[in-house]
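**Q** Spelled out, the chains give:
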Amino acid sequence: MSNRRVRWVIGLVILLAIFAVILLYPLPILMYPGLPFAGLYRRALFIIMLCVIFCLYRIFRGPTAPDRIITIDILGILVVGFCAVLSIPTGRSWYIDIGIAWALQSFIGTLALAKYLEGKDFDE
Amino acid sequence: MIKSRVVLFILAFVAWLLFCWVPDAQDIIAGVFVALLVSILTGDMFVKRPHHFGHLKRYLWFIYYVPIFLWECFKANIDVAYRVGHPDIPIHPGIVKVKTNLKSDTGLTFLANSITLTPGTLSVDIDREKGYIYVHWIEVKSKDVEGATKMIVEKFERILRRIFE
Amino acid sequence: MSNIIGIIFIAIGLVFDFFGCLGLVRLPDVYNRLQASTKCVTLGTCSILFGTFLIVGVSATGVKALICATFLLLTAPVSAHALARGAHKSGVRLWEKSVVDKYQEDGELK
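Chains as they are written, first to last, in my numbering: chain W, 1 to 124; chain S, 1 to 165; chain F, 1 to 110.
There's no promise every hint is true.
[Said to hold, decoys possible] Straight-line alpha carbon distances no greater than 30 Å define the calculated DSSO-like cross-link-like pairs of lysine-lysine that follow: (1) S/141 - S/75; (2) S/130 - S/48; (3) F/102 - S/103; (4) W/115 - S/48; (5) S/103 - S/143; (6) S/143 - F/97; (7) F/102 - S/130; (8) S/99 - F/89; (9) S/141 - S/155; (10) W/115 - F/102; (11) S/99 - S/155.
No lab work stands behind these hints: they were computed from the structure.
When you get a sec, could you build the whole thing from the sequences and use the hints?
**A** Following this line, the structure appears as structure tokens:
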């Protein structure tokens, strides 16, 4: 039990260090210099990338096939959020179009993979 | 079934207009043709009972349902964040069985979605004939059907029955 | 003003996204991971999209962001449901400390 607490504290310290680096490091602002809070959007992108790294860990380690399929689904939703954040500071509305198309595609793909897991034909 | 096609045409046209915001004349003309094509091809697949779209009471109950649903979603997220962040991961999972009285397709779909997005529950399968839903519960508080039904389903069912039945 | 409220929504969404992915790493079995990740990541991304709508206002980006949020709220639970059913039918059992499994007792409906 104490072993688990020690591991929890170590993980917390590592995560806090990563957050401190993301939030405090003076990132160069390349997009739209006149926009208010332009640096915050870049930090938001970095936090979503951290979530994607967690997902990649689960894809790499996942003991069973359903684990990996779940993670693919979650990755699709995260990419939609990434596109939404990216569309604000650049001012391009077609990033949201990419997000909608990605959401549709990943929904259909997930349903097909779930049917495949059940071991049925696709026309049922 | 001309009525359901008309309803589907209106829904598809509104969705098209939202997708090409701000719409001009070309978009509206193209939208009319696309919505006609969709509503003729897939006429009564989606809209089974078109007279339900004329009842004003259902829309009012739906407006009442949305904030309750969003508040439950928010509570669910706080709950999950607590369980994930706690060092000991306090969970006692299991799959329980709950009973529902809803019969229509849309009602069952919305009930299953609401169950999935509310605190600690995830719908796994539906038995259409007997009206049972199998629910994965992250913190099992009662194993029998009546207790689980009372805690999971009832708060949504009494609203959803008035919207979709 | 709406800029600041939108940024608050985006921050809430990022926190929920982060906890969902943390749950994906920490929780012990497929169904628990599915619960945590589906709930948190769906509402987190919807919150990010709503914040985008508040920041850019009623324009092409904003309306599409609202449509995308509605679509996610409707479809993410459906795919979670299908995945849970598929996982149970493909033979993945519950965590060994689980309390009860009525679904297996009733013999996995056709």
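**Q** The structure should be examined with respect to each hint, and the outcome stated for every one.
**A** Right, here's what the structure says about each hint:
Annotation: proposed proximity of residue 141 of chain S to residue 75 of chain S holds, straight-line Cα distance about 18 Å (limit 30 Å). At most 30 Å may separate the alpha-carbon atoms for a hinted pair to count; residue 130 of chain S and residue 48 of chain S meet this at roughly 22 Å. A distance of roughly 22 Å separates the Cα atoms of residue 102 of chain F and residue 103 of chain S; the hinted pair therefore holds under the 30 Å criterion. In summary, the hint linking residue 115 of chain W to residue 48 of chain S is supported, as the alpha carbons are separated by about 25 Å, within the 30 Å threshold.
A hinted pair counts as satisfied when its Cα atoms are at most 30 Å apart, and residue 103 of chain S with residue 143 of chain S qualifies at roughly 24 Å. About 15 Å separates the Cα atoms of residue 143 of chain S and residue 97 of chain F, which keeps this hinted pair within 30 Å; it holds. About 15 Å separates the Cα atoms of residue 102 of chain F and residue 130 of chain S, which keeps this hinted pair within 30 Å; it holds. Using a Cα cut-off of 30 Å, the hinted pair residue 99 of chain S and residue 89 of chain F holds, with the two alpha carbons roughly 22 Å apart.
Annotation: proposed proximity of residue 141 of chain S to residue 155 of chain S holds, straight-line Cα distance about 17 Å (limit 30 Å). Distance check on the hinted pair: residue 115 of chain W and residue 102 of chain F sit about 22 Å apart at the alpha-carbon level, within 30 Å; holds. Of the pairs offered as hints, the one joining residue 99 of chain S and residue 155 of chain S holds, with about 13 Å between alpha carbons and a cut-off of 30 Å not exceeded.
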